[in-house]
Amino acid sequence: MSIIQTKDVKKWFGDFQALKGISMDVAEGEVLVVCGPSGSGKSTFIRCINRLEQHQEGQIIVDGIELTNDLKNIEAIRSEVGMVFQSFNLFPHLTVMQNITLAQIWVRKKNRAESEEKAMELLERVGIPEQAQKFPGQLSGGQQQRVAIARALAMEPKIMLFDEPTSALDPEMIKEVLDVMKELAKSGMTMIVVTHEMGFAKEVADRVMLFDEGMLVEENTPEEFFNNPKSDRTKLFLSQIL
Amino acid sequence: MIDLIKKNAKSLQESLFSSVGSSVLTIATTYLVINFFRGMLGFAMTSDKDWLAVLNNMQLYMVQAYPEEDFIRVWLSVGLTFVLAGLSIGIWRNEERVKSSQIFNSFFKGGLGVLFFTIIAPTNASFMGNDGSVITEEVLSMDTRLGLLIPVIIFCAIFFSIRFTNLNFTVNSSDMVFFYLFLPVALIWFVKLPTIQLDQNNERIIPEPLMPIANTTKIPWTVIFVAFLASYFIGMYIKNIKSIKSAISLSWFLLPLLIFSWIFKKPQIEMSVVLGSDLPIFGFFLLWGFLVITFVNNSLFKKYYSTYLGVTFLLTIVGVFSGLPMLAKTCLLLIALFSVVVPAVSTSSQGKRSLLIVWAVALVTLTFLLRGGASDTGIVVPGSSIFGGFSLTWLLAIFGTYVSFPLGVLLALGRNSKLPIIRIVCTGIIELTRSVPYITWLFFASVTLAVFLPAGVEFNLIVRVLMVTAFFSGAYFAENIRGGLQSIPKGQYEAADAIGMSPFQKISLIIMPQALRAVIPTLVSSAITAFKDSSLVTIIGLFDFLTIGKTVIGNQSIPVNFVGHDRENLIFVAIVYWIFTFTLSRRSMKVEKKLGLGER
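First to last, the protein sequences are chains X and U. Under my numbering, think of the first position of the first sequence as 1, with each following residue one higher. Under my numbering, think of the first position of the second sequence as 243, with each following residue one higher.
Be careful, since some hints might not be right.
Cross-link-like lysine-lysine pairs, in silico, DSS-like; alpha carbons within 30 Å at most [stated by the list, open to error]:
hint, chain 1, residue 1, chain 2, residue 2
1, U, Lys-732, X, Lys-20
2, X, Lys-10, U, Lys-732
3, U, Lys-836, X, Lys-110
4, U, Lys-487, X, Lys-134
5, U, Lys-748, X, Lys-118
6, X, Lys-109, U, Lys-732
7, X, Lys-134, U, Lys-836
8, X, Lys-10, U, Lys-748
9, X, Lys-109, U, Lys-545
10, X, Lys-110, X, Lys-72
11, U, Lys-481, U, Lys-594
12, U, Lys-545, X, Lys-72
Residues of chain U placed beyond 12 Å of chain X at every Cβ, according to the derived structure [unchecked claim]:
hint, residue
13, Asn-298
14, Val-325
15, Asn-366
16, Ser-403
17, Ser-415
18, Val-582
19, Asn-658
Residues of chain X clear of chain U, computed beta-carbon distances all greater than 10 Å [to be verified]:
hint, residue
20, Asp-15
21, Lys-20
22, Glu-30
23, Met-120
Hints listed in this document are in silico derivations from the structure and should not be mistaken for laboratory results. Bear in mind that the values here come from a model prediction, so they are computed numbers and not experimental data. For every residue, glycine included, the Cβ atom is placed at its ideal position computed from N, Cα and C.
One chain only, chain X, in its complex shape:
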């Protein structure tokens, strides 16, 4: 059963058409890697899934709820979908602990003790329980991104979206973040990952997609995608990045 369904999604920024009809399905527990050159609409597409961008035509159905202008639906979907950003976007005025508990307390209406317990559990999972009382500004980039992952997981989402989670990191820190993501993938989380880390795609992805100029160019299993690509655009893309 597919947890995300999109049908012919189109989006314009002014005159520029960023998405030219994307249709796809994501099954529950699937790990999907989306790649493509910059400006190809891949980030725009996953941002449409939790309504950070508004699509103008087509249908997006997440977990049986269609995304429309209805605020109730949007809030329902956002609490099902966790998101990790390229630039972390932690809240700099709150400690790591507060960053993770904030949404639990205010959105999920949990009590403080319960949500702090959950936060510690998640910090252990991403490997930085000792940083709980620090402010985001005092952490390294990799640690910040792991906190961001923990913050998203604290909402107990069914789906996680990653928007180039490692692009702003030093090569040494990329590994620590990817390790967390691999562990997450193995635990059965549904994930859509926009990334240029082809190693990650080969290792954990169930499916790989290539976007170009707002269109879905190729959709394939990793083995087929890397060894036996169907379209010429994919071959060109792979020859440039590998």
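Got chain X; can you put chain U on it based on the hints?
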């Protein structure tokens, strides 16, 4: 000890005499500063200055001609503020400790300051006599100077040497407040400054024995101090009670309203009006609000909610222009606005509960203000105004900030809103208020504003001044806060959205705290400007603190002739303004430091 002096001397040399240029600068600046203070001290100490003109007019300075039999209202207001402050300090008591060496060090520094002034104080000073000639006289003889120097030096020496003993303890930094308050209260009891009395020939005599200057106020101040102390301990005791913190915060918000109506008004309450019209209206609207909150999630009610809103607004418009009592009109307006907010906030049972409380408190406050505040004032003061002096300045400053700050936040958010109508209205208000001088607005308040108010509604001049002040400084606050809002990256909005926060939560928990933190320095300077600008109200005939010193006392001839002694009073006024603004800016620096913790 020798090492310490050597180390200090070395750092002094490095920072002040590191090169020829800096040596010249150091010497020149020192010379100028010393001469400035010598001049000031010489000016203050010559015999033609009558400092009793300041000391004897404290009552005038504080409350102007406020009737003496109503002083209890002022004292109660001050006392209530201190009690609330004591409770708050007790509840939010921090565990920060101040080291004894730090305290001794500040005593030592204070002593050094006094020493410095005693040494540089001029022996002779000159002033202009009545006939225009320059008179030079001895103001501080060597004997007096020595008599002052010896105790000051001993004081300094004690606190300097005490740090080499092993006297080491720490004091809770919240507890220090008592020490700061204890000193002035103790001084009121022990320091004796003469009040002027007149003999049969209207000549000044100094009464024997000396009457302390604060004879009439020492009992109230002591009572207030004790109440403060008591409430501090009560605060510590009750700090674990659930939701006590929000109750205290709410009280702080309501306190100025209470004080305002308390000091200004002696409400003439007719029980028949209260029972016959106020209470039923109050009850009716309370019930209305409760019903809306309770049934807002009911599916049938939800379906017709837009119809309900439409009917409510129509009723409000009809009601406002009809002959309903003022309370009913305002309540209608309030329920219409309230009904818009309810569906967005009452999504959870917790949200519903706090909405119920908000609604009840809002109604009670409104009823109280309209009944207590809009009735004719019962407090009659000789002259045209009601109230003046430092109380007025303080009231304008506090009340101005209280009302204008939230207004500024709302205007700033409104100006950034996506809805065009709200954006246009907010931008319009900001641009209109900012583009007209404050004095023009004051004239507007005193002359024109009454024309714009509905018939039968008449506000006191001070209330009208407060209204324009709120908008004027609100517009400045709004622009400052908007600057802060613009400094928040878009990612913060997206992150808050992505974890499912509602727009209200996003603004109040994520965006506003960061935006305000970014603009604390400008906000404080706006608040200081508003505090000082309150002296402009003199232009429309209100007697603020400065006007009392400059005009009232400077022209006072009965019972004691103080004509021409406005310079002493101006210096006093300047010092008082300085103390308040300086404290404000120091506090804000501390807050900034505390909040800046998370910065990279």
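Given the hint that Lys-481(U) pairs with Lys-594(U), does the C-alpha gap stay at or below 30 Å?
holds (25 Å)
Minimum Cβ-Cβ distance from Met-120(X) to chain U exceeds 10 Å
At about 18 Å from chain U, Met-120(X) clears the 10 Å cut-off, so the statement holds.
So if I understand the rule, the pair passes when the alpha-carbon distance is 30 Å or less; does Lys-109(X) with Lys-732(U) pass?
holds (26 Å)
Looking at Lys-20(X) again, its CB stays over 10 Å from all of chain U?
holds (24 Å)
Can we confirm that no CB of chain X comes within 12 Å of the CB of Val-325(U)?
holds (30 Å)
Could you grab the alpha-carbon distance between Lys-748(U) and Lys-118(X) and see if it respects the 30 Å cut-off?
Given that 30 Å is the threshold and the Cα spacing comes to 22 Å, the pair holds.
Taking only the CA atoms, is the gap from Lys-545(U) to Lys-72(X) under or equal to 30 Å?
holds (15 Å)
Pairwise hint evaluation, Lys-836(U) against Lys-134(X), where the allowed Cα distance is 30 Å at most
Cα-Cα ~14 Å, so holds.
Taken at face value, is the distance from the CA of Lys-748(U) to the CA of Lys-10(X) at most 30 Å?
holds (28 Å)
Please verify whether Lys-10(X) and Lys-732(U) have alpha carbons no more than 30 Å apart.
holds (23 Å)
Taking 30 Å as the top limit, are the C-alpha atoms of Lys-487(U) and Lys-134(X) close enough?
It holds: about 26 Å lies between the C-alpha atoms, which stays within 30 Å.
Consistency of the no-contact label for Asn-658(U), given chain X and a CB cut of 12 Å:
holds (18 Å)
No hint from the list above goes unmet by this structure.
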